[in-house]
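These are the residues of each chain, in order.
Protein chains: 2
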Amino acid sequence: MSGSIDRRRLFQLLGGSVIGGGAYAGLGYAARQERKAEENDCRGGKLWDLHHDLFGSGILLSPQKLGGGTHAVDLATNRTLAWISYWNYGDTCPISHHLAAYPSDDPRKGFEFINSTQGGENVLIYGIPTRIKEKGLLEGNGQGNHLYRVRYDGAQMTLVEDVAESTGIGLGVHTVIYPDAQGFAGADGQKDITAFFDRPRGTEKTKVQMAFRGDWKAKDTSSLERAWLGGGTLRFTRLVEPSETGKYELEGSKGNKINWEMAPMSELLVERGQIPGDSPSSLTGLDAVVHHPGNRWSAVILRMCSAALIVDRANWEPVACLHMPKGSPGNLPVKKVGSGPDAWEVTFDDVKNPAHEAGFSPDGKSFVMMNNLRQNNIPVFDTSDPDPRRWKKVTYVEDPDWTGQYPSPFHLCFSMDRTKMFLSVLAPKPRDSEVWVVDARTWKVIKKFRNVGPDCQTMAVSYDGKYVFQIFSGFQRLSCGLFVFTQDTLEPVGYFPNFGGHHDCVVVPTKVEHLLNSRCTTL
Amino acid sequence: MSGSIDRRRLFQLLGGSVIGGGAYAGLGYAARQERKAEENDCRGGKLWDLHHDLFGSGILLSPQKLGGGTHAVDLATNRTLAWISYWNYGDTCPISHHLAAYPSDDPRKGFEFINSTQGGENVLIYGIPTRIKEKGLLEGNGQGNHLYRVRYDGAQMTLVEDVAESTGIGLGVHTVIYPDAQGFAGADGQKDITAFFDRPRGTEKTKVQMAFRGDWKAKDTSSLERAWLGGGTLRFTRLVEPSETGKYELEGSKGNKINWEMAPMSELLVERGQIPGDSPSSLTGLDAVVHHPGNRWSAVILRMCSAALIVDRANWEPVACLHMPKGSPGNLPVKKVGSGPDAWEVTFDDVKNPAHEAGFSPDGKSFVMMNNLRQNNIPVFDTSDPDPRRWKKVTYVEDPDWTGQYPSPFHLCFSMDRTKMFLSVLAPKPRDSEVWVVDARTWKVIKKFRNVGPDCQTMAVSYDGKYVFQIFSGFQRLSCGLFVFTQDTLEPVGYFPNFGGHHDCVVVPTKVEHLLNSRCTTL
Chain A
0 MSGSIDRRRL FQLLGGSVIG GGAYAGLGYA ARQERKAEEN DCRGGKLWDL HHDLFGSGIL
60 LSPQKLGGGT HAVDLATNRT LAWISYWNYG DTCPISHHLA AYPSDDPRKG FEFINSTQGG
120 ENVLIYGIPT RIKEKGLLEG NGQGNHLYRV RYDGAQMTLV EDVAESTGIG LGVHTVIYPD
180 AQGFAGADGQ KDITAFFDRP RGTEKTKVQM AFRGDWKAKD TSSLERAWLG GGTLRFTRLV
240 EPSETGKYEL EGSKGNKINW EMAPMSELLV ERGQIPGDSP SSLTGLDAVV HHPGNRWSAV
300 ILRMCSAALI VDRANWEPVA CLHMPKGSPG NLPVKKVGSG PDAWEVTFDD VKNPAHEAGF
360 SPDGKSFVMM NNLRQNNIPV FDTSDPDPRR WKKVTYVEDP DWTGQYPSPF HLCFSMDRTK
420 MFLSVLAPKP RDSEVWVVDA RTWKVIKKFR NVGPDCQTMA VSYDGKYVFQ IFSGFQRLSC
480 GLFVFTQDTL EPVGYFPNFG GHHDCVVVPT KVEHLLNSRC TTL
Chain B
0 MSGSIDRRRL FQLLGGSVIG GGAYAGLGYA ARQERKAEEN DCRGGKLWDL HHDLFGSGIL
60 LSPQKLGGGT HAVDLATNRT LAWISYWNYG DTCPISHHLA AYPSDDPRKG FEFINSTQGG
120 ENVLIYGIPT RIKEKGLLEG NGQGNHLYRV RYDGAQMTLV EDVAESTGIG LGVHTVIYPD
180 AQGFAGADGQ KDITAFFDRP RGTEKTKVQM AFRGDWKAKD TSSLERAWLG GGTLRFTRLV
240 EPSETGKYEL EGSKGNKINW EMAPMSELLV ERGQIPGDSP SSLTGLDAVV HHPGNRWSAV
300 ILRMCSAALI VDRANWEPVA CLHMPKGSPG NLPVKKVGSG PDAWEVTFDD VKNPAHEAGF
360 SPDGKSFVMM NNLRQNNIPV FDTSDPDPRR WKKVTYVEDP DWTGQYPSPF HLCFSMDRTK
420 MFLSVLAPKP RDSEVWVVDA RTWKVIKKFR NVGPDCQTMA VSYDGKYVFQ IFSGFQRLSC
480 GLFVFTQDTL EPVGYFPNFG GHHDCVVVPT KVEHLLNSRC TTL
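Line by line, the protein sequences give chains A and B. Under numbering that gives the first Met the number 0, the very last position in the first sequence is 522; numbers go up by exactly one each time. Under numbering that gives the first Met the number 0, the very last position in the second sequence is 522; numbers go up by exactly one each time.
Okay, chain A solo, but in the shape it has when bound (with noise of 0.2 Å):
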């Protein structure tokens, strides 16, 4: 509130002639007749009020998928700070996907963000009577998993590099920031590929630190259906740059074994082969990587595997692979077998049920994933270990409401206080999905906000520990927006329009410790 009045005197004093709602209401329309033109500043009313009054600051990033672009608002003016449309720069299959934003002293002043894109046949599992693909738009670049750098220089937004272009890595789901915001990891579940990233500064390319692809081999290999129920092996192999010309050879949708992302909580489409591609049965489904705070430690995201592989980020080796499904094995070994180019394999005796997304802890004492389908559930590993070989599974959130596939469990944030984890909990389309609120300290579901709205997916925690912010994309097609509630009281504070499919957000970290609860230790 006193930052809210605070302002207001600052425009006064540069000259705005801001008139409370109440003093200017005793004008009366004739008495104003009298006089000249009456000037206002615009900086002031009800809602401008409420604005600054509740967020004083936060500008949240949100990619709007199949809307093509990505949008940055003042939370504080309720304003459009910047946008950026990737069509415009001749994309012609732009789905703005994730993102993750770099920190910034001062985001109103200038930032920077990774922003990947789907592309391809991912335009056409949504319904849409288009002709797109007919028309050829969907080859050379409408293939997408480009991932565009983007700056915003305190005034617009300007693509400045796709990653994919430089380094021939192209990966078009999640993007996570290192916890010490000197790079970035990048998956993609169609590929089943991951790669790092450094930060370049200035005019510089970003270059792939390491790359990795992770293959399933089942154990009964008579159909798809047992593929992954009846076990198998986890293949994870390090990708070679082609020395002759610097760069891999995997842009657009080259390495592709699915010719569509699995939607969430489609897994079982694969198991059915109702998701087309060049090599479904080897899928992993490797569609994201999260950080351990400690700055080491990356967990590779295989929802395919129900599993987590603990990448060792100072020698580039995986450690440990956790294992979600409950009545399983919670760390399994992973044993070298090759070199030139390394491998690794990870046996499973069978996989109870996929899992999908993950987080750590902003304390890096817990890592949950969540277990999707088959079973309804979060486990949740004591990850204090400074040994991921050690770290154990040693609970589960459950709830009564989470029987059968729907509602489930799916994306994770947790408070600034770290006394809570938020989760996003997914109902399908039509239906309205929800965000509950879990005790981080004895894992119970404490809280569950109903009907938020169709298909909620990210949450971003305003990092003065007021707030959550939860996005709601609307199946790409149906109503969409941003739910607002309280992190410590956990009472709803009302909504924000969400401009067309936005189903990502975070807040731009103005401290490098924001990255804790930020898209880096969770998605």
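Keep in mind that a hint or two might mislead.
Since the list gives no way to pick out one identical chain from another, each pair is judged satisfied if it fits inside one copy or across any two copies.
For lysine to aspartate or glutamate, the following EDC-like pairs were computed, each having C-alpha atoms within a straight-line distance of at most 20 Å [what the hints assert, rightly or not]:
id	residue 1	residue 2
1	K335	D416
2	K428	E316
3	K364	D105
4	K35	D487
5	K108	D349
6	K447	D40
7	K443	D487
8	K134	E164
9	K246	E133
10	K446	D40
11	K446	D381
12	K443	E111
13	K35	D438
14	K443	E37
15	K447	E38
16	K446	D431
17	K246	D438
18	K465	E224
19	K446	E316
20	K108	D431
Please keep in mind that the hints were generated in silico from the structure rather than gathered at the bench. The model shown is predicted, which means the values in this text are computed figures rather than measured ones.
Starting from the known structure of chain A, arrange chain B on it as the hints suggest.
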């Protein structure tokens, strides 16, 4: 206020556990810990309550220009009702330009709108470092000038027709619905073409009722510089539908005289030869039509001629030509000069300045149009006479601020009580623009909201008489938003974000008579 309370009661009856902020805050976190998960609907909170209290109804529809789509926001819930992105349909340069919505009894259950797009080189005029032209994406359907008819069915928006494709007439600027909602007019200032379209029902396609082209013949043909200043003749020609194909041949860039639009206040660039094209010397700048509330007369807006040609929609003949500059005659005679095809001419002794946006007051008694650049004022015509040949220029809105080219009166609309005219007042990039209020009885400026935001474009009014919505598009690259103030007491209310270049807006009419205060009578 009572509307909001009723709504919350209703939710409670429907089973939502809506608890007021105060009551809720009384429950400590520890107390809640003891119990099973608390359930909460999301319909509540300070922001929710304020939106319901302020904006009990209204769907704001806004096209996002370079964002490439159009969005409908439910002002009461502050959620996005639905949206559409035109690249999803294979449009490679979908500059979502202007729109008008047909009335709907209940827009939340469905409504329809017409959305023009620009395309081609119009994407290149904003300083974006893009290779979209080199990639060939400004050819084919990237040429733009689509007229998308979009239907919201109560759940999602779908593109049901490209009127440009159905009729062969592509027009990229204003789309303006008839006062009886039985059709619309489109126009394009690169082609100097206007067409009048019917309103199809069910699965029918749109048909052209009539189409015209404007051409300028300068008296002094020695240079572009004197081509309009020195006077000349407007020739207005009826276009003929090719009988063998039943389709005009004016899709995409066909018929363009200049290669990109004259941006606001850019008419003098044509005089200086700074906008290339096939025929800048014949340019009339015919980029809009507005309709007289009586539903018979339409004003065809001619920017370069500083004129509004009044067309009788009963017999599709022009009858009078209103001429804007101060010091010039206000009503010029129109002479039929040919048939097969029909053609009419209007002679101008000189054109003292270009003019741009225009509109009729909702009572039909006044017409205004903006004198820009060489003059900076607003002529007001008395249009109460049944015969447009007797419409008279009676006064000017003038202001000490309006000297030189900027700030410059731009778009306009009227209050529901007809006592006020609202004006966006444009400042050059990157400066903030303003919104002014004019007493529509005395034609004096009574209020100026300074520093609204960069690039204020159109306004919309809420049909309950409460609010004015002023969109600002940030010149497509800067901060953008929607400024709201009250229609009666002229107090600021606050801002809404604008997720990407939105530069036009209408509130979806719920009654046919709302069109008199919507994108029908004014631009």
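Hints, one by one, checked against the model:
Taking identical chains as interchangeable, the C-alpha atoms of K335 and D416 are never at most 20 Å apart, the minima being 40 Å within one chain and 79 Å between chains. For a Cα distance limit of 20 Å, the shortest separation of K428 from E316 qualifies neither inside one copy, at 40 Å, nor across copies, at 52 Å. When the C-alpha separation of K364 and D105 is checked against a cutoff of 20 Å, the pair qualifies neither within a copy, at 30 Å, nor between copies, at 52 Å. In the homo-oligomer, the alpha carbons of K35 and D487 lie at most 20 Å apart only across protomers (18 Å), although the nearest pairing inside one protomer, at 49 Å, exceeds that limit.
In this assembly of identical chains, the alpha carbons of K108 and D349 never lie at most 20 Å apart, being 52 Å within a copy and 49 Å across copies at closest. Taking CA atoms no more than 20 Å apart as the test, K447 paired with D40 passes between copies only; the shortest distance there is 8 Å, against 41 Å inside one copy. When the C-alpha separation of K443 and D487 is checked against a cutoff of 20 Å, the pair qualifies only within one copy, where the shortest distance is 16 Å, while the shortest distance between copies is 52 Å. For the identical chains of this complex, K134 and E164 are inter-copy neighbours only, at 16 Å across copies versus 24 Å inside a copy, given an alpha-carbon limit of 20 Å.
In the homo-oligomer, the alpha carbons of K246 and E133 never lie at most 20 Å apart, since the shortest distance is 31 Å inside one protomer and 24 Å across protomers. In the homo-oligomer, the alpha carbons of K446 and D40 lie at most 20 Å apart only across protomers (11 Å), although the nearest pairing inside one protomer, at 42 Å, exceeds that limit. Taking the closest pair of Cα atoms, K446 and D381 never come within 20 Å of each other, the shortest separation being 23 Å inside a single copy and 63 Å across copies. In this homomeric assembly, K443 and E111 never come within 20 Å of each other (Cα to Cα): the closest approach is 37 Å inside a single copy and 47 Å across copies.
Taking identical chains as interchangeable, the C-alpha atoms of K35 and D438 lie at most 20 Å apart only when they sit on different chains, with a minimum of 12 Å there against 60 Å within one chain. For a Cα distance limit of 20 Å, the shortest separation of K443 from E37 across copies, 12 Å, qualifies, whereas the shortest one inside one copy, 58 Å, does not. Taking the closest pair of Cα atoms, K447 and E38 come within 20 Å of each other only across two copies (5 Å); inside a single copy the shortest separation is 47 Å, beyond that limit. In this assembly of identical chains, the alpha carbons of K446 and D431 lie at most 20 Å apart only when taken from the same copy (17 Å versus 44 Å across copies).
For the homomeric pair K246 and D438, neither the shortest alpha-carbon distance inside one copy (46 Å) nor that between copies (66 Å) is at most 20 Å. Taking the shortest alpha-carbon separations for K465 and E224, neither the intra-copy value of 46 Å nor the inter-copy value of 60 Å comes in at or below 20 Å. When the C-alpha separation of K446 and E316 is checked against a cutoff of 20 Å, the pair qualifies neither within a copy, at 40 Å, nor between copies, at 68 Å. Taking the closest pair of Cα atoms, K108 and D431 come within 20 Å of each other only across two copies (18 Å); inside a single copy the shortest separation is 37 Å, beyond that limit.
When the structure is compared with the earlier hints, violations turn up for hints 1, 2, 3, 5, 9, 11, 12, 17, 18, 19 and for no others.
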